[in-house]
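A.B. asks: Each chain, letter by letter, is given below.
Protein chains: 2
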Amino acid sequence: MYCVIMAGGTGTRFWPRSRAAKSKQFLTIQGKRSLIQETVSRISSYASGEHLYIVSQRSQRDELLKHVGSVPEKNFIFEPEGKNTAPCLGLTALHIQKRNAEAIMIVLPADHLIGNKQKFKKTIFAGVQVAREHDSLVTIGITPDRPATGYGYIQRNTRLAEISKVSAYTVKTFAEKPDLETARRFLESGDFFWNSGMFIFKVSTFLKAVEEYLPELYDALMDIRKVIGKPEYETVLKNVYRQIKNISIDYGVMEKAANVMMVEGDFEWNDLGSWEQVYLLSRKDKDGNAINGRAVCIDTVNSYVDNDSEIIALVGCEDLIVVKEGGVTLICKRDRAEDVKKAVETIRKKKYSDFL
Amino acid sequence: MYCVIMAGGTGTRFWPRSRAAKSKQFLTIQGKRSLIQETVSRISSYASGEHLYIVSQRSQRDELLKHVGSVPEKNFIFEPEGKNTAPCLGLTALHIQKRNAEAIMIVLPADHLIGNKQKFKKTIFAGVQVAREHDSLVTIGITPDRPATGYGYIQRNTRLAEISKVSAYTVKTFAEKPDLETARRFLESGDFFWNSGMFIFKVSTFLKAVEEYLPELYDALMDIRKVIGKPEYETVLKNVYRQIKNISIDYGVMEKAANVMMVEGDFEWNDLGSWEQVYLLSRKDKDGNAINGRAVCIDTVNSYVDNDSEIIALVGCEDLIVVKEGGVTLICKRDRAEDVKKAVETIRKKKYSDFL
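Just so you know, the protein sequences line up as chains H and F, in that order. Counted the way the numbering used here counts, the first sequence spans residues 1 to 356. Counted the way the numbering used here counts, the second sequence spans residues 1 to 356.
Honestly, I wouldn't trust all of these hints.
To be verified - Lysine-lysine pairs mimicking BS3-like chemistry, simulated, CA-CA at most 30 Å apart:
(1) F:K351 <-> H:K32
(2) H:K284 <-> F:K341
(3) H:K286 <-> F:K74
Hints are computed from structural coordinates only; laboratory data are not their basis.
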């Protein structure tokens, strides 16, 4: 049993706090630890040392070592560039397979908030059992508590089992982020769950699915497999990656495979998709303001301030997100937090890349 | 004829651009020159060298020399602390009187924007003639073009003369900043003019008025007069100033004296009372945004950005004033620009005085 923490995100939605060298998993949202530290800590009772892999990009190596330096260095897998989750997990599967052909991989994003550690553990263990017994690709579906439009959904099919009070289902279909009306129908039906991006499967099951549904990627992975542990590894990896298509495990594998199953994750979960999510989760003062760093608010309400420098003064503002990182400041209406990436794109186009 | 430029303001309304060491007169609002440089340039054809005085506080000395270093150093008058305009002009009157007992003083704030230099000059010269002929305290009243609520008003009485197309009047009364309805009545009546804070009088006339209406201040000034040019000057000045009451020339002298007259200033004038004024006077792009420094605006309209650092991104904002100076950032709704001083007060109370 191996946990794989996906820590390669570039996190433009958290710009400017997540500038190039500092992506979302390194942010401290609640408490004192970064999201990736929380993730490592959450699973430490059943996956640590040799059994914990971190997959990321080489550009994030130094920051990763600062945050999760306790992970053995050979368990860091670095991609030469980001090509989305299917190649990332394919590469990781190769490495784990080499160590243990019968291994089960538990795939966890580094940057989610999860409320109940014990329920989470039970869900993981149920997923491991389902993946092992059914040779299936198991995904964790979160019990929705509101008609969220920011997540993809998984529709369950028939009930398969209940393992330590965790329900397991076969999966009927995956649905893209819905509009509000559709999300309401999803919630009422009781058949839809949030797609958490957490997966559990045997390495062998996953690679077989890649062979079937993403044969080009599979061939590329086989080229890499030949050189693992050899001096030419880095060079081959770089060359192969340059040609690999950018594709997600959801789109490339999960939505196509027949042997997909779901375990129900009935715990608090938040993928922290934007500063608005962070605001909603933050502790607020009587005016509804959540302040990190030094700020003075005059007649200002329901705003989020994250300031790394001397002081920010807000006068007569409402519903603002203000984030300052070095010489870069974001000021965003709260209901427009999804559009922070537009600012990042514009800055990229204008070639102000130092500020990303 | 001596011009006195009052350059002692601390300018909290322009915080954080106007932090302690950099008050409003040193800001560049339009063009390339600071407001005080514009003021000196505007009068250079009739008041320069020996005939130009700058009165300020010692803490601003270095910045002043950078901006208006052409003024002879002995024509800089430094107050040990700010006690408003009556003491400031009293002290200056002493110095000028010592050089020339018959002198006429033209008092100009350092930090106003003025449109028509020629009309301005004609107004000044008309004022000088009135002050000389009538031994009066002459104020410049600006012809209002809108029912402004941000200025005090002067109500004219009878017409006295017209000098080079500039009308001169006796003054009926001074009025505080009115509400909108009152301001509309003022505008309709045609009898009310904006109180510009510019004055013209003989040194002797002014000191006589101080003796009559502010006898305590007059006595203090007499103590200072005895030591002008002597080694103990600075020490005496400091001790006397500590006890002087904070009082404006308007409240202490102009509103009480009988021999007050007004010349009509029919030129563009703006006292730049707040960032909102600066926004209104700035060149705007098609979205109504006025940007100084580097900024990226996504769906953002009618906003003012003044950025001294790498970049500010605004997403989905409207009617905002954003000013960044070093590690200090102001974010203010445009219709709340008058309340920037509340932020400054709060910061002062919290003893974050490094940020003022």
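A.B. asks: Take the hints in turn and mark each one as holding or not.
C.D. replies: Status of each hint after checking the structure:
{"no.": "1", "hint": "F:K351 <-> H:K32", "in the structure": "27 Å, holds"}
{"no.": "2", "hint": "H:K284 <-> F:K341", "in the structure": "25 Å, holds"}
{"no.": "3", "hint": "H:K286 <-> F:K74", "in the structure": "55 Å, violated"}
Figure legend: structure checked against the earlier numbered hints; the only hint not met is number 3.
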